[in-house]
Amino acid sequence: MASIREQILQAIESRLRAASTGAAVFRSRAAALSSGELPSITILPQDEDDTTLGQSITRHEFVVQLDVNTRGDIPDQLADPIIVAAHEAIMRDTTLGGLCSRIEPVGTKWALDDADNTAGTTTPAFRITYLSPWSSPARRA
Amino acid sequence: MDEDLAGFFADFGVSATWAPAGGGSPATASVMLDMPDQDVLAGKQLSTEYAAMFASASFAGIKHGDTLTINGTTYAVRTVVKLDDGALSTAHLSKV
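Line order of the protein sequences matches chains A and B. Each residue of the first sequence is one higher than the one before, counting from 1 in my numbering. Each residue of the second sequence is one higher than the one before, counting from 1 in my numbering.
Hints were generated in silico from the structure; no laboratory data involved. Check the hints yourself; a few may be wrong.
[Stated by the list, open to error] Cross-link-like lysine-lysine pairs, in silico, DSBU-like; alpha carbons within 35 Å at most:
| # | chain 1 | residue 1 | chain 2 | residue 2 |
| --- | --- | --- | --- | --- |
| 1 | B | 63 | A | 109 |
| 2 | B | 95 | A | 109 |
| 3 | B | 95 | B | 63 |
| 4 | B | 63 | B | 82 |
| 5 | B | 95 | B | 82 |
[What the hints assert, rightly or not] Taking CB as the label site, the calculated pair distances span:
| # | chain 1 | residue 1 | chain 2 | residue 2 | range |
| --- | --- | --- | --- | --- | --- |
| 6 | B | 35 | A | 59 | 49 to 55 Å |
| 7 | B | 73 | A | 73 | 14 to 20 Å |
| 8 | A | 48 | B | 64 | 18 to 24 Å |
[Claimed, not checked] If you want a taste of the chain A side facing chain B, the calculated C-beta under 10 Å gives, among others:
| # | residue |
| --- | --- |
| 9 | 20 |
| 10 | 28 |
| 11 | 30 |
| 12 | 32 |
| 13 | 35 |
| 14 | 38 |
| 15 | 67 |
| 16 | 114 |
| 17 | 116 |
| 18 | 121 |
The beta carbon of each residue, even a glycine, is placed where N, CA and C say it ideally should be.
Generate coordinates for the entire structure from the input sequences, incorporating the hints supplied.
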């Protein structure tokens with residue numbers, strides 16, 4: 001059985017694919033995106049902090065980022081409606097079907113680069129809190 | 001030097017027409033067009049880096065926002081940089 005972490009990533013991917021973002025969706029893609037693959041959203045696990053609760057429960061704070069890649073005169077403006085649709089799709093159910101206890105948006109970063117039409121990556125991030133027993137990262141506590 | 005450049009572009013160049021953004025008179029000269037793909041945004045995206053090299057005197061005053069039409073394709077000028085002694089320049093372009 002997949003870890004809760006992996007199930008969360010799959011749930012986010014599923015919600016983004018079902019949403020009307022107008023963008024292709026990738027997971028953990030490291031290869032550079034060609035202009036024909038844009039706009040796109042790449043789902044990336046960023047980091048996770050764990051805290052022990054009592055003697056047998058771990059509280060996980062898992063941060064997932066969405067790299068929204070666009071190309072144009074104002075790439076951050078092109079990313080804006082995609083981010084709104086993605087945000088609403090993810091936050092519609094803040095337990096992701098019971099996988100977690102909470103999702104919260106934790107900030108957005110922007111990067112631009114000179115290119116054949118300006119290249120942009122806008123990166124909103126979400127902190128996802130969930131509990132698991134020490135005995136298994138695949139079970140909810 | 002000018003004769004060498006003229007021969008170089010005559011042998012290897014393609015015709016390009018410069019249209020200033022401000023509406024001045026267009027000019028036509030030979031350029032060397034390159035279009036290699038290159039990583040941008042720390043490897044997140046690929047960009048085709050259209051670049052036209054030309055004798056600087058051919059397109060004196062060319063700048064960001066002007067257009068170059070090469071082989072029937074129009075490109076917007078992003079930046080212009082002089083090379084070495086300044087006799088040659090390269091215009092970095094975006095396909096319009």
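Structure-based check of all given hints:
1. B:63 to A:109: Since the Cα atoms of residue 63 of chain B and residue 109 of chain A sit roughly 31 Å apart, the hinted pair holds (cutoff 35 Å).
2. B:95 to A:109: holds (27 Å)
3. B:95 to B:63: holds (16 Å)
4. B:63 to B:82: holds (12 Å)
5. B:95 to B:82: holds (21 Å)
6. B:35 to A:59: 49 to 55 Å: About 52 Å separates the Cβ atoms of residue 35 of chain B and residue 59 of chain A, which means 49 to 55 Å holds.
7. B:73 to A:73: 14 to 20 Å: For residue 73 of chain A against residue 73 of chain B, whose Cβ atoms are near 18 Å apart, the range 14 to 20 Å holds.
8. A:48 to B:64: 18 to 24 Å: violated (44 Å)
9. 20: With a minimum Cβ separation of about 23 Å from chain B (threshold 10 Å), the hint on residue 20 of chain A is violated.
10. 28: violated (13 Å)
11. 30: holds (8 Å)
12. 32: Constraint on residue 32 of chain A satisfied, holds at 4 Å.
13. 35: holds (7 Å)
14. 38: holds (7 Å)
15. 67: Holds, about 7 Å.
16. 114: With a minimum Cβ separation of about 7 Å from chain B (threshold 10 Å), the hint on residue 114 of chain A holds.
17. 116: holds (5 Å)
18. 121: holds (5 Å)
Taken one by one, the earlier hints fail for this structure at numbers 8, 9, 10, listed in ascending order.
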